[in-house]
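**Q** One letter stands for each residue in the lines below.
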Amino acid sequence: MDLSGFRDPTIARGLIDAISATDTGPVKIMEVCGTHTVSIAKNGLRAIMPERVTLLSGPGCPVCVTANRDIDTAVALSQRPDVIVTTFGDMMKVPGSYSSLSREKAEGRDVRIVYSPLDALTLAEKEPDREVIFIAVGFETTAPLIAAAILRAQEQGLTNFSVFCAHKTVPIALEALVNDPEVQIDAFILPGHVSTIIGSQPYEFLAEQYKVPGVITGFEPVDVLQGVYMILKQLEEGRSEIEIAYHRGVMPEGNPTARELVERVFEPVDADWRGIGVIPGTGMGIREAYAAFDAAKKLPVELPEPKEIKGCQCGEVLRGVILPFNCKLFARGCTPEHPIGPCMVSSEGSCAAYYRFTDYGKSDASDG
Amino acid sequence: MCLAIPARIASIAEHRMATVDIVGVTRVVSLDLVPEAEVEDWVLVHAGFALQVVEEEYAKETLELLKTLPFFEDQEPLLAEGA
Ligand code: SF4
Ligand code: SF4
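Line order of the protein sequences matches chains A and B. Oh and the first sequence: position 42 is 42 in this note's numbering, straight run, nothing missing. Oh and the second sequence: position 1 is 1001 in this note's numbering, straight run, nothing missing.
What the hints contain is simulated information worked out from the structure, not anything from laboratory work. It is possible that some hints are incorrect.
To be verified - Examples of chain A residues lying across from chain B (beta carbon under 10 Å, computed):
#: 1; residue: 88
#: 2; residue: 119
#: 3; residue: 148
#: 4; residue: 149
#: 5; residue: 251
#: 6; residue: 254
#: 7; residue: 261
As the list claims (entries may be wrong) - Cross-link-like lysine to aspartate or glutamate pairs, in silico, DMTMM-like; alpha carbons within 20 Å at most:
#: 8; chain 1: B; residue 1: 1060; chain 2: B; residue 2: 1040
#: 9; chain 1: A; residue 1: 42; chain 2: B; residue 2: 1061
#: 10; chain 1: A; residue 1: 42; chain 2: B; residue 2: 1064
#: 11; chain 1: B; residue 1: 1060; chain 2: A; residue 2: 8
#: 12; chain 1: A; residue 1: 307; chain 2: A; residue 2: 288
#: 13; chain 1: A; residue 1: 28; chain 2: A; residue 2: 180
#: 14; chain 1: A; residue 1: 28; chain 2: A; residue 2: 182
#: 15; chain 1: A; residue 1: 28; chain 2: A; residue 2: 316
#: 16; chain 1: A; residue 1: 298; chain 2: A; residue 2: 288
Given the structure is predicted, the values throughout are model-derived calculations rather than measurements. Ideal placement from N, C-alpha and C gives every residue a C-beta, glycine not left out.
Next up, chain A with everything else stripped away, as it sits in the complex:
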């Protein structure tokens, strides 16, 4: 086995041996985080697992799980002449029902990529005559930044800044997957940076109520291997707990300041997940007190019925029902250069990660 890709092959070897030595039946482990998906694909971790252990990718990329309707809304907002739409780079190419933000930009709409929501605030100060809207997607990691930006805008008395909020939260979505009869998940590798904010407590119900263990881990290949090992150990011993294999970066209580800001600005609402559907309580709505910064309330748009992309199986990929290779369009029509579905657009999307690190992505496979 070639372990040269590991920064520390001895540790990797030890972990692989320890994994093989565990005694369990067939196990399906889902990684929820896009960064984990990349690490697993890049380092060929699926292939070095014992046959009984299957690694599945889940809905871990916030760009991928953004519903068509939300992208359609962002597109419609960008079509208003009095508006500047700002967003993270990842969102630009994601196709909605009829268009994408990058297509709108090419057609002359004012759509700008920003590095931080604070850049959108600065832009709003510079362009007082236009509404600057930040299209916010992301999980718990990103939500506190949006909350902080809204509070800052309020402090500064900005009246031309607002947020279109398509934020989602992770733990309850995992419950929906556990309850999905089409998917059978025995354990989760839990996201590192989401947990930096929320800590380990919000996942505990999965272990307690559903007996599904989880390990929070970093994204280095040995971190992932350690997470898998800890999961298999739990299953072997008949335990189900939420453990942290990433103590240097995650405290059990998360970041209380960040959680408090999120709590102040947002309230749980229903969210539409691409491929999964509406999951109650997994969205973040801007509270009434901050309605002045809520683009959905400030500039409501009329939308045609959303339309799904024909043949795209992103929904099944996102639920771990199929692997990217199993989609009929994978590498045939759908590639990172010409993505059909969002899982191929985002650099952390499962399809893009798998494409890049297999023979399909010949030109890409050697970099990084």
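For this one, chain A is given, so just place chain B with the ligands on it according to the hints.
**A** Leaving out everything else, chain B with the ligands in the frame of chain A:
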């Protein structure tokens, strides 16, 4: 997408805005989410905000690792553009 990158705080100015070095690029980030952070602390930075104070050893390991991740290349132009 919500990848956080370690950075060291060089100085702190008004409104808890800190100057940090992120893989060789100087950036100004908000410390709104880490009231405890001080100059010389290592923090995890995501989209213009410090998310958490972390140990130096962890920060350095993560930086090494980041250089090997493919999507980091995608992030670099974002980091480089206007400090
Ligand atoms: S933890 Fe962060 S980096 Fe990983 S998939 Fe979730 S949002 Fe993306
Ligand atoms: S290959 Fe393309 S169309 Fe198929 S699931 Fe992946 S992103 Fe969607």
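**Q** With reference to the structure, classify each hint as holding or not holding.
**A** Evaluated hints:
no.	hint	in the structure
1	88	7 Å, holds
2	119	7 Å, holds
3	148	4 Å, holds
4	149	9 Å, holds
5	251	8 Å, holds
6	254	9 Å, holds
7	261	7 Å, holds
8	B/1060 with B/1040	14 Å, holds
9	A/42 with B/1061	18 Å, holds
10	A/42 with B/1064	16 Å, holds
11	B/1060 with A/8	15 Å, holds
12	A/307 with A/288	31 Å, violated
13	A/28 with A/180	14 Å, holds
14	A/28 with A/182	13 Å, holds
15	A/28 with A/316	16 Å, holds
16	A/298 with A/288	12 Å, holds
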